[in-house]
Amino acid sequence: MSIKVVYFPFPGRVEPVRLALTLGGVAFEDERVPFEKWGSMKEGVAPKQLPLMHIGDKVIGQSAALMRYAASISKFEGRPLYPTDDALLALQVDEFVDYVSEMFGPLGASFKIEDQAEKEAFRAKAVAEGGDIHKWLSYIDSLLGKSKSGFAVGDHLTLADLATFCWFQPLKSGFFDGIPVTCLDGFKNIEAHKQKIANLPTVKAYYAEPKMPLYKTYQ
Amino acid sequence: MSIKVVYFPAPGRVEPVRLALTLGGVAFEDERVPFEKWGSMKEGVAPKQLPLMHIGDKVIGQSAALMRYAASISKFEGRPLYPTDDALLALQVDEFVDYVSEMFGPLGASFKIEDQAEKEAFRAKAVAEGGDIHKWLSYIDSLLGKSKSGFAVGDHLTIADIAAFCWYQPLKSGFLDGIPVTCLDEFKNIEAHKQKIANIPAVKAYYSEPKMPIYKTYQ
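Residue numbers (the numbering used here), protein chains in the order written: chain A, 1 to 219; chain B, 1 to 219.
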């Protein structure tokens, strides 16, 4: 069944989908829609949102759902990136992913602030101590610190690791006005985890030729 | 393995967890923490959020994850409320649930508005035509209208039906200041779906003695 992932040209919320399918060796078309083209395309798309995934003749939306599906059908070192056969382990993977995704609340809200100075101040506050992104970085950092295996959940690579890696690293890229490139420096476990994931040969190869400058954050 | 669900006394985002376990005949303790007690309890809870589920010796958070787990282990008429053995069907269930949960964006934002008049105006606008909750009610209403079986996804009851039922019905209860009790009136498919779910004998029995007035919305 043919798979096509449709999103904007950057990582965003969909990057774990692309990375999971790549790690699993699942063939997919990676359609990146330029922002200027989205306006005219939007009307023809029912939920008026990206990402969308074409699977055979079906068109499915909602990045969190697509991530879980991509991970379910992608195996790394013989094990699916989402444990479909173990409801309790799957719950723990889902829980971890959802804690990491808490950052999108404040980050998403910041995109709606029209005044540039206000936007940057809002973001700076969110990633500083006591802020609404900082508190989740702290929490995830502490969870990673408790992991015996070094993986987010259990003893092998799962979607939880991919979500953490894909979503946190852009924060330090300098591409979000107002969020300093030092914003992750205090989190030693997040950095160690980043190194662990980035150095997996397939991950390293995937990000070796950045599709756009922002992607250097994964190297 | 013993299960305890910990949340406030309201339906909120956790109600699908309670209903799924009930439909599946899975025993669980339903701990309802009075709002005034949460303040002192919060410090002892790592992510400082409810709901939490105690499963044996584990304590897990994140309502979306807990819903998926509860549905995975609960069978209704012989079929789990979440299709763990069919990744593509599971994806469609997840997608539907996530579309319904889009309402929590604007609704959650409204709780943060301190001025009562401003809060009510914000909510009234969200559920009126063109509003950010109205557009998702419209979309889900159209999806339900296309369903041959009358169920949200596929041909049997899933967590997608339970989420739509549990999360939409409180909107018309009058308990959210600023959201009129007529807010769902125009959505004929949502109403037909509500009747379908509410009249399932186990659902009808569960809501026959409302735990608090807002629960009458499910009758």
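Be a bit skeptical, because a hint or two may be false.
As the list claims (entries may be wrong) - List time: in silico SDA-like cross-link candidates among lysine to any residue, alpha-carbon distance up to 20 Å:
| no. | chain 1 | residue 1 | chain 2 | residue 2 |
| --- | --- | --- | --- | --- |
| 1 | A | Lys112 | B | Lys48 |
| 2 | B | Lys58 | A | Asp98 |
| 3 | A | Lys48 | B | Asp132 |
| 4 | B | Lys204 | B | Ser173 |
| 5 | A | Lys58 | B | Gly145 |
| 6 | B | Lys146 | A | Asp98 |
Treat the hints as calculated values from the structure; they're not laboratory data.
Small disclaimer: the values here were computed from a predicted structure and weren't measured.
Exercise for the section: Quickly compare the C-alpha distance for Lys204 (chain B) and Ser173 (chain B) to 20 Å and report which way the hint goes. Expected result: 17 Å, holds
Exercise for the section: Decide if the proposed pair is consistent with the structure: Lys146 (chain B) and Asp98 (chain A), CA atoms, cutoff 20 Å inclusive. Expected result: The hint is violated at about 30 Å.
Exercise for the section: Compare the distance between the alpha carbons of Lys48 (chain A) and Asp132 (chain B) with 20 Å, and conclude whether the hinted pair is satisfied. Expected result: The hint holds at about 13 Å.
Exercise for the section: Quickly compare the C-alpha distance for Lys112 (chain A) and Lys48 (chain B) to 20 Å and report which way the hint goes. Expected result: 27 Å, violated
Problem - 20 Å limit on alpha-carbon distance, applied to hinted pair Lys58 (chain A) and Gly145 (chain B) - result: 18 Å, holds
Handout entry: Straight-line alpha-carbon gap Lys58 (chain B) to Asp98 (chain A), limit 20 Å
Key = Holds - the C-alpha atoms of Asp98 (chain A) and Lys58 (chain B) are around 17 Å apart, at most 20 Å.
When the structure is compared with the earlier hints, violations turn up for hints 1, 6 and for no others.
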